[in-house]
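A.B. asks: Here's the letter readout for the chains.
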Amino acid sequence: MDVQSWTFLIVGVTFALYIGIAIWSRAGSTKDFYVAGGGVSPLMNGMATAADWMSAASFISMAGIISFMGYDGAVYLMGWTGGYVLLALLLAPYLRKFGKFTVPDFIGDRYYSNTARTVAVICAIIVSFTYVAGQMRGVGVVFSRFLEVPINTGVYIGMGLVFFYAVLGGMKGITYTQVAQYCVLIFAFMVPAFFISMQMTGNIIPQFGFGGSLEDGTPLLDKLNQLHIELGFAEYTKGSKSMIDVAAITMALMVGTAGLPHVIVRFFTVPKVRDARISACYALAFIAILYTTAPAIASFARTNLINTVSEQPYADMPEWFSNWEETGLLTFDDKNGDGNIQYVADAEANELTIDRDIIVLANPEIANLPEWVIALVAAGGLAAALSTAAGLLLVISTAVSHDLIKKQLRPDITDKQELAWARSASLVAVAIAGWFGINPPDFVAATVALAFGLAAASFFPAIILGIFDTRMNQKGAISGMVVGILFMMFYILKFKFGFLGGGTADDWWFGISPEGFGTVAMLVNVAVSLVVSRATEAPPKEIQELTESIRFPRGAGKAVEH
Amino acid sequence: MNDNLKNYWKKNLRYLAILLAILFTVSYGFGILLADQLNGIMLGGFPLGFWFAQQGAIYVFVALIFVYVYLMNKLDKEFDVDEK
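Going down the list, the protein sequences come from chains A and B. Under our numbering, read the first sequence as residues 1 to 562, first letter to last. Under our numbering, read the second sequence as residues 1 to 84, first letter to last.
Calculated directly from the structure, the hints in this document are not laboratory data. In this text, a Cβ means the ideal position worked out from N, Cα and C, and glycines have one as well. Check the hints yourself; a few may be wrong.
Just so you have them, the derived chain B footprint on chain A, three or more residues with Cβ under 8 Å [stated by the list, open to error]:
(1) 76-88
(2) 237-244
(3) 265-274
(4) 286-299
(5) 471-478
Generate the whole structure from the sequences, applying the supplied hints.
C.D. replies: Following this line, the structure appears as structure tokens:
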């Protein structure tokens, strides 16, 4: 069987599985739809959280980014995993005890204010839409490369599938499909990693092979550093970003991760506070399998790539090279006309441009792995993109049906009507996400920084202060969130989009890039919240008692309406 | 809040302070601030600072949550605030 038949087979089987699960786990009430009935086991929730979190970016792009960034790639590895420690220690158990359906629900009730609720709804929607656009695009790219259908057709198929199980099953359908998707994506990520690690270093475990030696006895990382120096790149194990920027980006990603509503809401689905704690532990363990393998793959692929192309005749390039040239993700321009490929750091002399997304997708081909492994990678990429898209769409639809309509505009609707609103809202959200997938705004990359920055600058401080500071009141929290968001937006608009006078890397404040600025915006939010809350009246007595009551586990029921 | 709950909360905050201090020491200390110095030491084929930044920190994170879960479940029982 050729690659394409294998891909149709494996992708077809996994899609049939997701549809089967969706039919089995239909939602009957808003509680099913919002929090999967509140009865998900911690282990299942850990897997679902891992799939929810690991997106097309983690599966397809991250190893590629690291392989080009070397040491600096650690900002993603530490930032996106360290966030789970903050989540487990500072948020998840308390929010579970609080026992509501959504993040804006917590903000609105804790700060006894519909203004705060609305600010939270707007943030949740912006953060989730910027994120979901990238997922739909990822689905389209995988379809076009491996099944040779146009990108748009791929997006439609992805939309249809997500629509089916998100609209039908809500959180319940999403949870159980995510469990299946986790299994698919981790298997698809690990199989090629085992093969390549074995091939290159003789050690089947990539985490060890990463520190192992090549056939000629040189340690892999030494070899890679040496190649990098020869070609004029920064040493692989040193990187080139400034220390303060590395620290700021890592922090912004950690805090942003802990403040992302689609991740937080997963901890509302388990029965008890102690389940929320342990499922955060499972989630990070499941995520760590991929996150410790990705940097290994990055170094294998980088070494393989340089050895294959550097100073080699263009005419001798293997088949995968021309396959990827057709997609435009790989381009060769023989500047000096010698017929050989010069791949060097100097932009003037460099002849090869490589899109970072290729690394994971082309890795099995570069390493000459069997056809079914290549097909598996396609199915894994789809599982990663679809699971994250579904989780995000749920946040958008619940923010609309629960926090806007039920809690503010039409409080008298019945549970059935609210469920109908939730389904319609997710229908609209899927359509908008698909539209972004087909017409990707060219600022998608820039807005990912914005998504994390916003989550860091708005939700994280508001939630943390709402739990750990009984004196925090409505005026403090709202002014903190508003100042934090505006500050973040200002920095992104100025340095990413060139508005408000624009500026280059030399003009960055304290040398911190827009990606890392969420850290500064978060600190500003906290400072403003503390000052304003101390200058205004204390929150009502019942709110102070509520804040104290979420600090110990006893008495937590399943997530309830009120 | 009665005294029992106050003491429970105090102890919880102490655990958090210790665990978060470890988190920052490993990721920011070993993985970022001291990375250059630690890179002089080799762990198998890894420069140590690089290993902490791309591998070690993540293992420590998982262990931290595990320890937290263990400590808190014990603390809940000790102060009789666990879920029945």
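A.B. asks: All hints, please: hold or fail.
C.D. replies: Structure-based check of all given hints:
1. Note: the region 76-88 of chain A has 7 residues with beta-carbon separation from chain B under 8 Å; the three-residue rule is met and the coverage holds.
2. Counting residues of the region 237-244 of chain A whose beta carbon lies closer than 8 Å to any beta carbon of chain B gives 3, which reaches the threshold of three, so the coverage claim holds.
3. Given as covered by chain B, the region 265-274 of chain A passes the check, having 3 residues with a CB less than 8 Å from a CB of that chain where 3 are the minimum.
4. For the region 286-299 of chain A, the stated coverage by chain B holds: 4 residues have a C-beta nearer than 8 Å to a C-beta of that chain, and at least 3 were required.
5. For the region 471-478 of chain A, the stated coverage by chain B is not satisfied: 0 residues place a CB nearer than 8 Å to a CB of that chain, which falls below the threshold of 3.
Comparing the model with each earlier hint shows a violation of hint 5 alone; every other hint is respected.
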